[in-house]
Amino acid sequence: MSDKKNIDRLFQEKFKDFEVSPDASVWENITTQLSPPRKQKKVIPIWWKIAGVAAGLLLLFSIGNLILNTNDAAFDEIIVNTDPEQDIQEQSKQEKSTPVDSLSSQELVEENSSETQSKDLNSLLNNKSKKAEPHLSIQKNKATSLVANTDDNSQKNAAKKEIDKVLAKTEIKTEALGLVQDKAEQKLIDKPKDISTVALDNTDQKEEVAREAELSIPEVIAENTTPDADKNEDTKTHKWSVTPTIAPVYFNSLGSGSSLHERFNSNKKTGAVNMSYGISASYAINDKLSVRTGVHNVNIGYSTNDIVVYNNLLQSTANSNVLRNIKFNKEGQLLSFISADEFQYAQVPGVLSNQIDATIDQDLRFLEIPVELQYNISNKKLGLSVVGGFSALFLNNNDLYSVQNGESTLLGKATNINNMSYTANLGFGLDYKISKKINLNFEPIFKYQLNTFNNTSGNFKPYFFGIYTGFSFKF
Amino acid sequence: MSLDQLIEKCKENETAAQSDLYKLYSGKLFALCLKYSRNKAEAEDNLQDAFVTIFNKISQFKSKGSFEGWLKRITVNTALQRYRSKGVFDIVNEEQLEDTYVEVENDSIDLDFLLASIQELPDRYRLVFNLYALDGYSHKEIGKLLGISTGTSKSNLSRARMILKEKVSNYQAKLSSQSL
Chain A
156 MSDKKNIDRL FQEKFKDFEV SPDASVWENI TTQLSPPRKQ KKVIPIWWKI
206 AGVAAGLLLL FSIGNLILNT NDAAFDEIIV NTDPEQDIQE QSKQEKSTPV
256 DSLSSQELVE ENSSETQSKD LNSLLNNKSK KAEPHLSIQK NKATSLVANT
306 DDNSQKNAAK KEIDKVLAKT EIKTEALGLV QDKAEQKLID KPKDISTVAL
356 DNTDQKEEVA REAELSIPEV IAENTTPDAD KNEDTKTHKW SVTPTIAPVY
406 FNSLGSGSSL HERFNSNKKT GAVNMSYGIS ASYAINDKLS VRTGVHNVNI
456 GYSTNDIVVY NNLLQSTANS NVLRNIKFNK EGQLLSFISA DEFQYAQVPG
506 VLSNQIDATI DQDLRFLEIP VELQYNISNK KLGLSVVGGF SALFLNNNDL
556 YSVQNGESTL LGKATNINNM SYTANLGFGL DYKISKKINL NFEPIFKYQL
606 NTFNNTSGNF KPYFFGIYTG FSFKF
Chain B
3 MSLDQLIEKC KENETAAQSD LYKLYSGKLF ALCLKYSRNK AEAEDNLQDA
53 FVTIFNKISQ FKSKGSFEGW LKRITVNTAL QRYRSKGVFD IVNEEQLEDT
103 YVEVENDSID LDFLLASIQE LPDRYRLVFN LYALDGYSHK EIGKLLGIST
153 GTSKSNLSRA RMILKEKVSN YQAKLSSQSL
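Chains as they are written, first to last, in my numbering: chain A, 156 to 630; chain B, 3 to 182.
Just so you know, these hints were derived from the structure itself, not from any lab.
If you're wondering where the values come from, they're calculated on a predicted model, not measured in any experiment.
In this text, a Cβ means the ideal position worked out from N, Cα and C, and glycines have one as well.
Heads up, none of these hints are tricks.
Derived pair list, reagent style DSS-like, types lysine-lysine, alpha-carbon separation capped at 27 angstroms:
hint	chain 1	residue 1	chain 2	residue 2
1	B	K169	A	K169
2	B	K13	B	K30
3	A	K169	B	K42
4	A	K394	A	K536
5	B	K167	B	K42
6	B	K74	A	K171
Simulated restraints, written as ranges between beta carbons of each label pair:
hint	chain 1	residue 1	chain 2	residue 2	range
7	B	Q7	A	E183	24 to 34 angstroms
8	A	L213	B	E70	47 to 57 angstroms
9	B	E70	A	T425	31 to 41 angstroms
10	A	E183	B	A175	37 to 47 angstroms
11	B	T152	A	Q188	34 to 44 angstroms
12	B	E44	A	F597	51 to 61 angstroms
13	A	A579	B	P124	51 to 61 angstroms
14	B	L26	A	L605	55 to 65 angstroms
15	B	D125	A	L581	49 to 59 angstroms
16	A	Y577	B	T152	47 to 57 angstroms
Based on the sequences and whatever the hints tell you, model everything.
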């Protein structure tokens, strides 16, 4: 039977229930394509971030531990420097040159027999009998101060022996202190000359006490009565500090240009939030001003959105679409990119939306070496400061990806990024003083990139902004 | 399991559900790919790309429209993407030809022949004919999809019909001469 038909109808009718089963290999290819890109793209960055935070914390605690454990030694040295050197030297010489301790002690006591000094001694002794422990610590300080001073005079051997002696004595003294104290007091007041008759330990103690009285009574009293004195000394001498920092870093451009191609100038750019971590060292020039530097690893990235990506069939069409700032790898060479704007995005029906939401993602990693000045506006418990300076950026890694439908393809590298570039930095810092030596810092800093990209188009003004957080340890 | 449940499981990336969905729709979608492609190998590539897109984007499917329609749109788009690199389409004569009628013997025409005829069409004619005649897109939509004017789309359609008509006529002539 013959029938006259519109050709469209002929095909429509024939293809109405047209179904063909594809080869099994197609499904296999689909499954291999489905799982790996997701894992690679989404899981690894999270692990990297967690690992980064963990490493930062580890670094922080280990450095903190190190510094806290060495605090005592540093503290002693500080006191040494403020001691009157001369007197101690004389003292150590006297001790060495007199074979019989009791003799020297007699001499000393005689020298110190003026009323005022014996009063001082009394007060000192009273003080000590009340506070046996502080006394001990002072003794120890004196002992170490002896080491330092005699060292200066290249009498190391002698000094070491003396210190052994003094330490031995102080040990005995602490035991004997309570028992002997009352007697000693009495004798000092009533019969200063009879001191030599007291037991050896006792005379040693007196010698020690007398020496202290002669040397540094004002100082000891000062230490005992004005605890604030310590603080002043601390703040003056803590010129250095070390700060491991970790910061979320947001990258974007101030203008509307593109670092890739002028056809993407008006495309929407989305900055990525990455992590920066590193360590910085700071030196306080004075109370207000400090200079600092360090090393930071900084990742920045951003996406150029609304891009149409398509496969090239012919090499000739590929060439016409090559972006001049990208060195494509093999896979990237097969793709072409145009802005959705060129494609009249607004009028395109929804069916196309799965093709024009591709992005080109740029991932950059730098080693950053900042040189910054920090000016303290407020030095209270919660301090405020202004930070300004420059950073040198050394390019470490440079990748471009095309991301479409959740899949990312490595395209190649950007060719317009300088291996070394600079940023101008400006920000402010908040620091909370947890203790004399530890601060918690919080510093939002804006870094304007001066010459990171060459050959950009439009008004591309890249910057990154980080909130640098870390504990700083002073020493 | 209902279709909605299957879609939900696919959104959770369950491999078994993805496999079921594939079994359910691969036949129809592969047929679609065959019509839009030059040959079987290209159609398989398209189907593969389309399913990868489908599974990656299924979380974006909001149960508003028809799921099958959504699958077909993705598949068609994947097929078109292959040819979009020729972005600036060649300029062609935009004259319109009259509607083409052809005399056919009922059931005498083999489906494989029709498919081959479509696949042998020049790329643009094939795409326009498929979109307009078989999948119900308007010339305006086709124009936007392919980046051509509606006039060009109409002209391409006419030329595709001409070619197909000629092929079908020749085929029938051959058949009748054989049967005689």
